[in-house]
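Asker: Chain by chain, the residues:
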Amino acid sequence: MDRRQFIMGALGCPALSAASLSLSALTPAFADDTVKLRDLYNKDLSFSDYALEREGKRVSISGFMAPPLKAETNFFVLTNRPLAVCPFCETEAQWPDDILAIYAKRVIDVISFNTRIVTRGKLELGTFTDPETKFVSRVRLVDAVYDKA
Amino acid sequence: MKTALAAVMALAISSNAVLAQSALPQQNSKWFTDAEAKIQEMVAQQPNTKRAKNVILFTADGNGVGTNYAIRLFSGQQAGLLGSEYVQPQEAFPNSALVKTYTTNGQTPDSAPTASAMNTGVKSKNGMINVDESVAEGDCAAGLDHTMKTFAEIVSEAGKSVGVVSTARITHATPAAVYAKTAQRDWENNAELPEGCQQKDIAAQLIDQMKAGVIDIAMGGGRGQFLPKDVKDEEGKGGKRTDGRNLVEEAKSLGAQYAWDEDTFKALGDGGNAPVLALFESSHMKYETDRTGEPSLAEMTAATIKNLSKNDNGFYLMVEGGRVDHANHDGNLFRTLTDGKAFADAIAMADELTNDEDTLIIVTADHEHAIAFNGYCGRGSPITGLCYDVDGAGVKHLDKPLLGDDGKPFTVAGFLNGAGSVLKKDDNWTGSRPDLTQEQAMDPDYLQQALIPMSSETHSGEDVALFAKGPWAHLFNGVVEQNYIFHVMNYAVNAK
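If you read the sequences in order, they're chains A and B. Letter 92 of the first sequence, counting from 1, is numbered 92 in our numbering, and no numbers are missing. Letter 201 of the second sequence, counting from 1, is numbered 201 in our numbering, and no numbers are missing.
No wet-lab data here; the hints were simulated from the structure. Hints should not be assumed to be uniformly reliable.
[As the list claims (entries may be wrong)] Here are some, though not all, of the chain B residues that point toward chain A, as calculated from beta-carbon distances under 8 Å:
(1) 292
(2) 296
(3) 298
(4) 330
(5) 424
(6) 425
(7) 426
(8) 445
(9) 447
(10) 455
(11) 456
[Unchecked claim] Keeping only pairs whose Cα atoms sit at most 30 Å apart, straight-line, the calculated DSBU-like set for lysine-lysine is:
(12) 36/A - 424/B
(13) 43/A - 232/B
(14) 229/B - 43/A
(15) 408/B - 148/A
(16) 149/B - 211/B
(17) 266/B - 310/B
(18) 148/A - 425/B
[Said to hold, decoys possible] FRET-style restraints, in silico, Cβ to Cβ:
(19) 96/A - 47/B: 45 to 51 Å
(20) 392/B - 122/A: 53 to 59 Å
(21) 71/A - 92/B: 53 to 59 Å
(22) 122/A - 234/B: 32 to 38 Å
A virtual CB, placed ideally from N, CA and C, is assigned to each residue, including glycine.
Build out the structure end to end from the sequences listed, making use of the hints.
Answerer: This is the structure we're talking about:
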């Protein structure tokens, strides 16, 4: 599915799901090959088989956009549940372990922290320190696109 | 004549009362016989007026009457029941009260003055721990002159041991109230102190209290508060201190046993009189549902009780289920409930390891949250899921979810405010309730719908419940002020 199809899906499905509860399972966040961020990890935070099998491939992951560090950036962090606090901005921020660093294709438009989004990009595994933000990630989506779920 | 007739009739009714009851058509109902048995249990109940050797104070942070209700249903449904009929371990205790949680300046409290009230016997201002109400929050200098003596200090002078266990950072407000005095609850490490402030940070106070012999065991999260900025902990996370002090090493030099994961926890031995410091995460411990590589609250409680029980003079132990509160703040009811069940498991463990004759166990909360419940759900509607219609012909709910006037289903529980708000910033703070399936609502990461948009759901000022058993537990009755809890504990350990 390309991005245009994805957005059409995002616009189309809620109307369907409103008509029938059984159809709401088709809403984009749960559609076709989209998985949740937590599906990348096992409980002990090792990578899941799903992640290991798709390293280097484009995948579609749903989650929430944590408030980004700055306005003009192509980087944000995807979380399993809404995280209101910018993790870079406060020393006391509680940064969950199960996150996904997103390097978007374009400068991002911020979506509020509690609106579910779907991101699609190439899955990279392994520790990487961002030279600009110094952010250390274990898993990333690069060349990513995203939209509201 | 009319009066005489009335008197005769009254006599006839009263003398036939027993006979009439024996013929009640409902007398064989289980509801009826269970309640009759409860009457006999209550009649036979005798107050325990012995001196309490041990006191265990359980608080699940943010576990008010509503949250406790949700945990009850969840635990019951996990056990295969409809839910409402389930009895949590503390709910079987013989004594209970409702507790008013307001503070001297807060209709809605936070966890600092509420824990302070339980540990000192007086209410004080929001944001402060064991500092009296004359001080303004954050006034470091004034705070130093207005500290209060804690229950831990009182009983340790009397020869008892003291333990504190939490799934939150051990320097977080509730556990801190067992050992620290601070004009600001956020002063957990020295870097948080305002410039020129002479008060010691909370982590440093814990080590001081260990050194002074007041605190014997401390288990929880919060390693980062004890380590210098340039030191990485066992899991690779950096410390927060800017004074260069490594408080873990300082504790070890006092002879303390130290644990940081499940293996080192299991390896804790009989250290004699040496204190125990266990710090299982850089910050808070994991939610129960996400927990790997660290002990449960019940396991920490058991290990602590076994260790403290070596003291023939007894002990005071405060156990906090610290993350019931955090999950409520997140609006994620599933984790509220799984941590609530872990809290109940710790209570059952403590009850099993102690004797009602000499141990006063109190189970309460510091405050409630902005949680609320919808209706009219049929029996067995999953507490984290949708509200299903009542079956007029049966017991368990129908398969039909109830709908709002917007034609959409709704969950049994929700929040008045928080991150689950249906009003979105991206939509200029407008919005509508999204459609919702049972599968989506039951997802462990689901946030219940909320009204007012807030990044973090709030506490509420609603009462919390208190359950108690053991010596002088019968002093809990009716509706009490939160600071009264200290006075019952203090009375129980000093009773003649």
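Asker: Are the hints correct? Go through all of them and say.
Answerer: Against the structure, the hints:
Below 8 Å, beta-carbon pairs count as interface contacts, and residue 292/B has one with chain A at about 5 Å; its hint therefore holds. For residue 296/B, the suggested interface contact is broken, since its CB lies about 14 Å from the closest CB of chain A, more than 8 Å. The closest approach between the C-beta of residue 298/B and any C-beta of chain A is roughly 19 Å, which is over the 8 Å cut-off, so the hint fails. Taking 8 Å as the C-beta cut-off, the interface hint given for residue 330/B holds, the closest approach to chain A being about 6 Å.
About 6 Å separates the beta-carbon of residue 424/B from the nearest beta-carbon of chain A, less than 8 Å, and the hint is met. With its C-beta approaching chain A no nearer than about 4 Å, residue 425/B sits inside the 8 Å limit, and its interface hint holds. Hint status for residue 426/B relative to chain A: holds, with the closest Cβ pair at about 5 Å, below 8 Å. Using the Cβ-Cβ criterion of 8 Å, the hint placing residue 445/B at the interface with chain A is satisfied: the shortest such distance is roughly 5 Å.
Hint status for residue 447/B relative to chain A: holds, with the closest Cβ pair at about 6 Å, below 8 Å. A least Cβ separation of about 3 Å between residue 455/B and chain A falls short of the 8 Å threshold, and the interface hint therefore holds. With its C-beta approaching chain A no nearer than about 6 Å, residue 456/B sits inside the 8 Å limit, and its interface hint holds. At most 30 Å may separate the alpha-carbon atoms for a hinted pair to count; residue 36/A and residue 424/B meet this at roughly 22 Å.
With a C-alpha separation of about 23 Å, the suggested pair residue 43/A and residue 232/B falls inside the 30 Å cut-off, and the hint holds. Proximity of residue 229/B to residue 43/A is assessed by CA-CA distance (about 29 Å); at most 30 Å being required, the pair is judged to hold. Our distance criterion of 30 Å between C-alpha atoms is met by residue 408/B and residue 148/A, whose separation comes to about 21 Å. Distance restraint check for residue 149/B and residue 211/B: the Cα-Cα separation of roughly 17 Å lies within the 30 Å cut-off, and the hinted pair is therefore satisfied.
Among the hinted pairs, residue 266/B with residue 310/B is consistent with the structure: their alpha-carbon atoms are about 18 Å apart, no more than 30 Å. Restraint check for residue 148/A and residue 425/B: the C-alpha separation of about 13 Å stays at or below 30 Å, so the hint holds. At roughly 48 Å, the beta carbons of residue 96/A and residue 47/B sit within the given window of 45 to 51 Å. Against the hinted window of 53 to 59 Å, the Cβ-Cβ separation of residue 392/B and residue 122/A comes to about 56 Å, which satisfies the hint.
Separated by about 56 Å at the C-beta atoms, residue 71/A and residue 92/B satisfy the suggested range of 53 to 59 Å. Checked against the hint of 32 to 38 Å, the pair residue 122/A and residue 234/B passes, with Cβ atoms roughly 33 Å apart.
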